Amino acid sequence: MKEVFLQYAAYNLWANNLLLSAAEALPEEQQMTEIKSSFPSLFKTVLHLLDAESIWWQRIKLQEKIERPSESFNGSFSELNKALLLQNKQWQDWISGLNEHGLQHEFIYFNSQGERFKQPVYQMLLHMFNHGTYHRGQMVTMLRQLGIEKIPSTDFIAWSRKK
Numbered sequence: 001m002k003e004v005f006l007q008y009a010a011y012n013l014w015a016n017n018l019l020l021s022a023a024e025a026l027p028e029e030q031q032m033t034e035i036k037s038s039f040p041s042l043f044k045t046v047l048h049l050l051d052a053e054s055i056w057w058q059r060i061k062l063q064e065k066i067e068r069p070s071e072s073f074n075g076s077f078s079e080l081n082k083a084l085l086l087q088n089k090q091w092q093d094w095i096s097g098l099n100e101h102g103l104q105h106e107f108i109y110f111n112s113q114g115e116r117f118k119q120p121v122y123q124m125l126l127h128m129f130n131h132g133t134y135h136r137g138q139m140v141t142m143l144r145q146l147g148i149e150k151i152p153s154t155d156f157i158a159w160s161r162k163k
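Position 6 (the sequence shown) corresponds to 6 in full-length UniProt numbering; numbering is contiguous.
No wet-lab data here; the hints were simulated from the structure.
Treat the hints loosely; a few may be bogus.
To be verified - Subject to a maximum C-alpha distance of 35 Å in a straight line, what follows is the list of computed DSBU-like cross-link-like pairs (lysine-lysine): (1) 150 - 36; (2) 162 - 65; (3) 163 - 44; (4) 162 - 82; (5) 82 - 65; (6) 162 - 150; (7) 61 - 89; (8) 44 - 65; (9) 2 - 44; (10) 89 - 65; (11) 150 - 118; (12) 2 - 163; (13) 65 - 150; (14) 162 - 36; (15) 82 - 118; (16) 61 - 82; (17) 61 - 2; (18) 36 - 89; (19) 2 - 82; (20) 65 - 118; (21) 150 - 163; (22) 89 - 150; (23) 118 - 61; (24) 44 - 82; (25) 65 - 163; (26) 61 - 162; (27) 61 - 150.
All values reported here derive from a predicted model rather than from experimental measurement.
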């Protein structure tokens, strides 16, 4: 099972890097343009991805006070992209140090409403990587709505074929 999660972590980093590079090439005005979606701009969608991965990181590290990067982030789109890719790499490195028992380990965490949950690590990782894929799909739609025609494929199979 570990090999599957190492692949997901590498794929997540690769796909984010491709899509963020495409979005970073846009003028700042387009990065901030409001578009109907779960989050109203490319910038806010990437900020949400950083929040989500960071929150899960803090939970898995049993940090008591969870801090959302969005509450203090005031950098550029480029700086935001770097922060997300750094978080992606942190996950990849962490997973490489896990063993099968670590993936099965159940950890306790509290959601944003203060509800207590207990989940195996592998379920959290599946959720987190799937969540990233979901929002990358939204970003592709946003890029198309901004008139961008050349959008890189971020399908898992495209990553797999490049290996």
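To see whether the hints hold, each was checked on the structure:
Restraint check for residue 150 and residue 36: the C-alpha separation of about 21 Å stays at or below 35 Å, so the hint holds. Our distance criterion of 35 Å between C-alpha atoms is broken by residue 162 and residue 65, whose separation comes to about 40 Å. The straight-line distance between the Cα atoms of residue 163 and residue 44 is roughly 31 Å, inside the 35 Å bound, and the hint therefore holds. Taking the CA atoms of residue 162 and residue 82, the gap is near 23 Å; set against the 35 Å cutoff, the hint holds.
With a C-alpha separation of about 24 Å, the suggested pair residue 82 and residue 65 falls inside the 35 Å cut-off, and the hint holds. Taking the CA atoms of residue 162 and residue 150, the gap is near 19 Å; set against the 35 Å cutoff, the hint holds. A hinted pair counts as satisfied when its Cα atoms are at most 35 Å apart, and residue 61 with residue 89 qualifies at roughly 16 Å. Taking the CA atoms of residue 44 and residue 65, the gap is near 23 Å; set against the 35 Å cutoff, the hint holds.
At roughly 32 Å between alpha-carbon atoms, residue 2 and residue 44 fall within 35 Å of each other, so this suggested pair holds. With a C-alpha separation of about 23 Å, the suggested pair residue 89 and residue 65 falls inside the 35 Å cut-off, and the hint holds. At most 35 Å may separate the alpha-carbon atoms for a hinted pair to count; residue 150 and residue 118 exceed this at roughly 42 Å. In summary, the hint linking residue 2 to residue 163 is supported, as the alpha carbons are separated by about 18 Å, within the 35 Å threshold.
Restraint check: the Cα-Cα separation between residue 65 and residue 150 comes to about 41 Å, which exceeds 35 Å; the hinted pair is violated. Our distance criterion of 35 Å between C-alpha atoms is met by residue 162 and residue 36, whose separation comes to about 33 Å. Simply put, residue 82 and residue 118 have alpha-carbon atoms about 31 Å apart, close enough for the 35 Å limit, and the pair holds. As the CA atoms of residue 61 and residue 82 are separated by approximately 22 Å, the hinted pair is consistent with the 35 Å bound.
For the suggested pair residue 61 and residue 2, the alpha carbons sit about 19 Å apart, so the restraint of at most 35 Å is met. In summary, the hint linking residue 36 to residue 89 is supported, as the alpha carbons are separated by about 30 Å, within the 35 Å threshold. With a CA separation close to 26 Å, the supplied pair residue 2 and residue 82 stays within the 35 Å bound. The hinted pair formed by residue 65 and residue 118 meets the criterion: a straight-line CA distance of about 18 Å does not exceed 35 Å.
With a C-alpha separation of about 23 Å, the suggested pair residue 150 and residue 163 falls inside the 35 Å cut-off, and the hint holds. The hinted pair formed by residue 89 and residue 150 meets the criterion: a straight-line CA distance of about 26 Å does not exceed 35 Å. At roughly 14 Å between alpha-carbon atoms, residue 118 and residue 61 fall within 35 Å of each other, so this suggested pair holds. As the CA atoms of residue 44 and residue 82 are separated by approximately 15 Å, the hinted pair is consistent with the 35 Å bound.
A distance of roughly 39 Å separates the Cα atoms of residue 65 and residue 163; the hinted pair therefore is violated under the 35 Å criterion. Taken as a hint, the residue 61 and residue 162 pair is honoured in the structure, with Cα atoms around 33 Å apart against an allowance of 35 Å. With a C-alpha separation of about 39 Å, the suggested pair residue 61 and residue 150 falls outside the 35 Å cut-off, and the hint is violated.
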